Amino acid sequence: MKVRYPLFQIIDKDGNLTNQKYEDKLTGDKAKLLYYHMTRIRTYDQKGVALQRQGRIGTYVPFAGQEASQVGSALALADDDWMFPTYRDHGASLTFGADLDRMLLHWNGRMEGCLPSRKKNILPASIPIATHLPHAAGAAMAETYKGTNNAAIAYFGDGATSEGDFHEGLNIASVFKAPVVFFNQNNGFAISLPVERQMNSETIVQKSEAYGIQGVRVDGMDVFAVHIAVQEALERARNGEGPTLIEAVTIRFGAHTTADDPSKYRDQEKINRMRDEVDPILRLERFMTMNGMWDEEWVKQINAVIKDEINTAIEAMESYKKPDVAIMFDHVFEKPTWTIEQQRQNLLRVGGRK
Amino acid sequence: MVMSKELAESRSAVKTNSLTVIQAINNGLNVMLGKDKHTLILGEDVGKNGGVFRATDGLQEKFGENRVVDTPLSEAGFVGAAVGMAFNGLRPIVEIQFLGFIYPAFEQIATHVTRTRTRTLGHYNLQMVIRAPYGSGVRSPEIHSDSVEAFFAHMPGIKVVCPSNAYDAKGLLIAAIEDPDPVLFLEPMRLYRGKREDVPEAKYSVELGKGKLVEQGDDVTVLAWGAMMPVALTATEQMRQHGITCDVIDLRTLYPLDKDIISESVQKTGRVVIVHEGHETGGVGSEIISIINNTSFLYLRAPMERVTGFDVPVPLFALENDYLPTPERVSQAIRKVVNF
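Residue numbers (full-length UniProt numbering), protein chains in the order written: chain B, 1 to 354; chain Z, 1 to 340.
Don't read these hints as lab results, they were simulated from the structure.
Among the clues, some could well be false.
[To be verified] Ranges of calculated distance between the beta carbons of each label pair, as one might list FRET restraints:
#1 V3/B / L73/Z: 31 to 39 angstroms
#2 K35/Z / N303/B: 52 to 60 angstroms
#3 R335/Z / Q343/B: 35 to 43 angstroms
#4 A318/Z / P128/B: 54 to 62 angstroms
#5 P323/B / T245/Z: 51 to 59 angstroms
#6 P128/B / Q216/Z: 44 to 52 angstroms
#7 H38/Z / N149/B: 49 to 57 angstroms
#8 K35/Z / D260/B: 47 to 55 angstroms
#9 Q332/Z / D260/B: 53 to 61 angstroms
#10 H38/Z / K270/B: 51 to 59 angstroms
#11 P156/Z / I191/B: 27 to 35 angstroms
None of the values given here were measured: they were computed from a predicted structure.
Glycine included, each C-beta is placed from N, C-alpha and C at the ideal position.
This is chain B alone, in the form it adopts within the complex (with noise of 0.2 angstroms):
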């Protein structure tokens, strides 16, 4: 079968150069850019693990190995334009701007946790699947509609490609034009369904070809090859080109959640065993130290910066003034309904949980 879409890539998993058209793009300080928000991704995921088994936190969605698609998507983003994470696009969502102290609030069963950024345009993950792609595409023609050179990017994995909502939500930015970027991450596993079980089709990026809109296959563990491939996407929304579909070709290292064993469903010893080979940072590493931009001193540096920026956020996650019941009856319509306002008295009345 002839390869309609081919994977596009940058740098191999060794750091080579493997295409050169872009080279003059891989300067230093966007490599160092790049591998900094990486670094402090996972070392924040990493905590967010052992938050979880310690009993600090709840149920906690890893993501490591998806370090590239997230980070190199999310630095191509301008500062209006608007992002649809799911849960398990925390990285690209932290990476985008949204508050590190905020996001462990979320994971530990705080509604403070879901309030938005104070600077972006980010929207607390979306839980059911694929439902917010018709959101990012409504909120790209209301960009349309108001006139202004703003986009959207809706994050999702294989699993929400057979969703009604993954169709739907493309095919409403293609009748319409939208400004949007769609942003799937083939991690290969919907929790335990492989993708070959998911869907008949070879790839994901072909069903851009049912909307008729431009589809990009890329090497999601190359984080040149995703930010570039986004920032193209990008581009061609912003000059009324209408919507892209990206497949970024990914590895979930870990568990799909702190609550799943994955050696369930697949052989994650594998997995274990070559995650030094593919690991999408390493490959950065590979990269910078052959081209003479790797630099000991300030890897150390930032990697102390990150330690303390997570540890600061933690203890204020750990010491935030404990839950007012009161919060959930206080923002389900503008003013309470009086059925509500009268369970919310019921309850301070009772005093609630001791």
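Following the hints, position chain Z against chain B.
Frame of chain B, contents of chain Z only:
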């Protein structure tokens, strides 16, 4: 019909037109599109065709394709897109062609439309209206006749409104569009082209969450809304000839229910008949009974009665008049509570 003096005066002072319910809705949409550039209409066949019931007739011509948007046949898609637009400061009015076609968008409504304000602690509110013709009695095909207001009255985070006449249709629609929270606006298609009413030409609103006493009596409180109002009124008129008089209340908003108008009347009459065409079990009638139980238990002189659609899928139209509450069934229920 009872009309307050103030209302009658205010109506005589303003320019009015004699409109059907569907014309009043069209007029309300027209007024609101003209007021606010952030308001737009999305739906199937709403543009060039003016909607299958002509609710949006002439609006695309007047306001353009960007304000009155023909969408693909995609309820989850365009309700979802409306959510995205509302995140981004627009105020979409979505038309669902028939309430029974809302099910593909059920997930969008249950997981996002109703939860966004709570989820974001008020950072984002969705100022959007979902309009849907509902109900049986117009010989339409299967699924076109559902009356499932209870699904949505049960969902925290959305108001449910249902007018029964042209004046309320326009006023409630404008209030719904101006409400900062999502509103499901149910339109009784059986009454779309029925009685005409004087409807003020200008913008006015009817407060959400308030019922209306449309007929006064002493013996029984009859509660209904939407297409069941004429059924209830026919029955109470028959009863009046037998010397039984009723308070007839048009609830108009199904969430939040107007607890005060209900309890005030029930505490006077002590007898209750609730009429709705939605299925009986878990219908809005159950909630009304619960409110009366909490507010007026000791005033009751008879067990409360419900006259409702049955716990069966709405049948094809050969049997729809058997499914629907009739004045005769309502009269029987009134007699039953009086004779208890």
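Here's how the hints hold up against the structure:
1. V3/B / L73/Z: 31 to 39 angstroms: For V3/B and L73/Z the Cβ distance comes to about 34 angstroms; the hint holds.
2. K35/Z / N303/B: 52 to 60 angstroms: Holds, since K35/Z and N303/B (Cβ atoms, about 56 angstroms apart) stay within the stated range.
3. R335/Z / Q343/B: 35 to 43 angstroms: holds (37 angstroms)
4. A318/Z / P128/B: 54 to 62 angstroms: Cβ of A318/Z to Cβ of P128/B: about 39 angstroms, so the range 54 to 62 angstroms is violated.
5. P323/B / T245/Z: 51 to 59 angstroms: With a Cβ separation near 53 angstroms, P323/B and T245/Z satisfy 51 to 59 angstroms, so the hint holds.
6. P128/B / Q216/Z: 44 to 52 angstroms: The hinted range 44 to 52 angstroms holds for P128/B and Q216/Z, with Cβ atoms some 48 angstroms apart.
7. H38/Z / N149/B: 49 to 57 angstroms: violated (19 angstroms)
8. K35/Z / D260/B: 47 to 55 angstroms: holds (52 angstroms)
9. Q332/Z / D260/B: 53 to 61 angstroms: holds (58 angstroms)
10. H38/Z / K270/B: 51 to 59 angstroms: Given a distance of about 54 angstroms, which is inside 51 to 59 angstroms, the answer is holds.
11. P156/Z / I191/B: 27 to 35 angstroms: holds (29 angstroms)
The structure shown violates the earlier hints numbered 4, 7.
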